[in-house]
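> Using the sequences and the accompanying hints, generate a full structural model.
Chains A and B supply the protein sequences, listed in that same order.
Mapped onto this note's numbering, the consecutive letters of the first sequence carry residue numbers 36 to 236.
Mapped onto this note's numbering, the consecutive letters of the second sequence carry residue numbers 36 to 236.
It is possible that some hints are incorrect.
Claimed, not checked - The following label-pair restraints were derived from C-beta to C-beta distances: (1) A:A182 <-> B:Q199: 50 to 60 Å; (2) A:K194 <-> B:D225: 29 to 39 Å; (3) A:K194 <-> B:G66: 22 to 32 Å; (4) A:G66 <-> B:D225: 17 to 27 Å; (5) A:A63 <-> B:F120: 38 to 48 Å; (6) B:D138 <-> A:H147: 47 to 57 Å; (7) B:A103 <-> A:A103: 24 to 34 Å; (8) A:R38 <-> B:D225: 25 to 35 Å.
Stated by the list, open to error - Incomplete in silico selection of chain B near chain A, CB under 10 Å: (9) V79; (10) T83; (11) A85; (12) P87; (13) P92; (14) R100; (15) A192; (16) G220.
These aren't lab readings, by the way, just hints derived from the structure by calculation.
Nothing here was measured: the structure is a model prediction, and the numbers come from that model.
Heads up, the beta-carbon is just placed ideally off N, CA and C, and yes, glycines get one too.
There are 2 protein chains.
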Amino acid sequence: MNRPIDFYFDFSSPYGFLASEKIEALAAKHGRSVDWHPILLGVVFKQTGAIPLTQVPLKGDYSRRDMARSARFHGVAGFRMPSTFPIATQAPARIVLWARTRDPALAARAIHSLYRAFFVDDIDISNADNAAAAAARSGAEATAVRAAVDDPTIKDALKRENEQAMGRGVFGSPFVIVDGEPFWGLDHLDQVDRWLGTGGW
Amino acid sequence: MNRPIDFYFDFSSPYGFLASEKIEALAAKHGRSVDWHPILLGVVFKQTGAIPLTQVPLKGDYSRRDMARSARFHGVAGFRMPSTFPIATQAPARIVLWARTRDPALAARAIHSLYRAFFVDDIDISNADNAAAAAARSGAEATAVRAAVDDPTIKDALKRENEQAMGRGVFGSPFVIVDGEPFWGLDHLDQVDRWLGTGGW
Chain A
36 MNRPIDFYFD FSSPYGFLAS EKIEALAAKH GRSVDWHPIL LGVVFKQTGA
86 IPLTQVPLKG DYSRRDMARS ARFHGVAGFR MPSTFPIATQ APARIVLWAR
136 TRDPALAARA IHSLYRAFFV DDIDISNADN AAAAAARSGA EATAVRAAVD
186 DPTIKDALKR ENEQAMGRGV FGSPFVIVDG EPFWGLDHLD QVDRWLGTGG
236 W
Chain B
36 MNRPIDFYFD FSSPYGFLAS EKIEALAAKH GRSVDWHPIL LGVVFKQTGA
86 IPLTQVPLKG DYSRRDMARS ARFHGVAGFR MPSTFPIATQ APARIVLWAR
136 TRDPALAARA IHSLYRAFFV DDIDISNADN AAAAAARSGA EATAVRAAVD
186 DPTIKDALKR ENEQAMGRGV FGSPFVIVDG EPFWGLDHLD QVDRWLGTGG
236 W
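Structural data, given as structure tokens:
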């Protein structure tokens, strides 16, 4: 059985970024590939009543410290909190969905380009032109990528992606599902690793 | 330098219980002891706007699954979600503060007795008599323990403990502070382990 594992993430999620840098190697170690699912946490948070982590009293200060510390702990180079944060992530999410229907490998490269643009190079990828430029650096055709952001079909696809995610119980980022088993958070990659290796416990 | 590490917890916190079963061995591995700090998350949550994890839409269902799975992952035997949950934890917290002024080792034993009573034996330790009986099994004198729950001095001590915790940025359970460095959550014990071994990164 070599079913892909599902990786749900929001482009404005620091822990999602850090996990995105680790998940392919982790999956490959167990003969798996990754199905990438960009979601909009803002939509999910309306259902759960959550607010962005960095805006919670006490927890916000801690989380900013922990994000940078966790980047170093996991060996992800170059992480820095973006100067504009959090951001709306419709533009990069739509670009990924557009790329995914064409070429999953291209979509994966675009995700890494977009995430690094935001969390390493401090480029505001909520801006459609910035997002298209970042995705183009991963090999996507720039004009087509930019057009995808405003494509009604892709907009609908993102809505469906969000609804499907919530239907599967996804409420945060990163969120990994392995053969139906859900794991929330960067900190659960060790459990994902063991689950992939053992099939559960 | 062998300063104790600080362990903050609420008796109604499943992840706090799981971490309480691991923290002493982890500290001892690095030549450290544990200073135990019972707090009331209900008071803290008024400041952060949080609600009990299991009551959050989507997240609640996940967390119940994850608590049991994490107990097995960390090798903590006998864990089960209590039939009454969450509970008020003034009674067990006051018993610990009372014991701590007398004998830190007794306080540590009482914590394990109380936590296991709640999360293994499904005894409602919000009830002062139940809590006193559980603590007495760890060697505390039953009548004195029961009296501590209603002692105004101990009540004040718990208020101060909470205020000090929030003053140090504590907002959840478990919460560990190592030489000034804060770590939130059972999932961060791996970072605590590395921090104790390396002094930071």
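> Indicate, hint by hint, whether the structure satisfies it.
The hints, checked one at a time:
no.: 1; hint: A:A182 <-> B:Q199: 50 to 60 Å; result: holds (57 Å)
no.: 2; hint: A:K194 <-> B:D225: 29 to 39 Å; result: holds (37 Å)
no.: 3; hint: A:K194 <-> B:G66: 22 to 32 Å; result: violated (55 Å)
no.: 4; hint: A:G66 <-> B:D225: 17 to 27 Å; result: holds (25 Å)
no.: 5; hint: A:A63 <-> B:F120: 38 to 48 Å; result: holds (40 Å)
no.: 6; hint: B:D138 <-> A:H147: 47 to 57 Å; result: holds (55 Å)
no.: 7; hint: B:A103 <-> A:A103: 24 to 34 Å; result: holds (32 Å)
no.: 8; hint: A:R38 <-> B:D225: 25 to 35 Å; result: holds (28 Å)
no.: 9; hint: V79; result: holds (8 Å)
no.: 10; hint: T83; result: holds (5 Å)
no.: 11; hint: A85; result: holds (8 Å)
no.: 12; hint: P87; result: violated (12 Å)
no.: 13; hint: P92; result: holds (5 Å)
no.: 14; hint: R100; result: holds (7 Å)
no.: 15; hint: A192; result: violated (22 Å)
no.: 16; hint: G220; result: holds (7 Å)
Taken one by one, the earlier hints fail for this structure at numbers 3, 12, 15, listed in ascending order.
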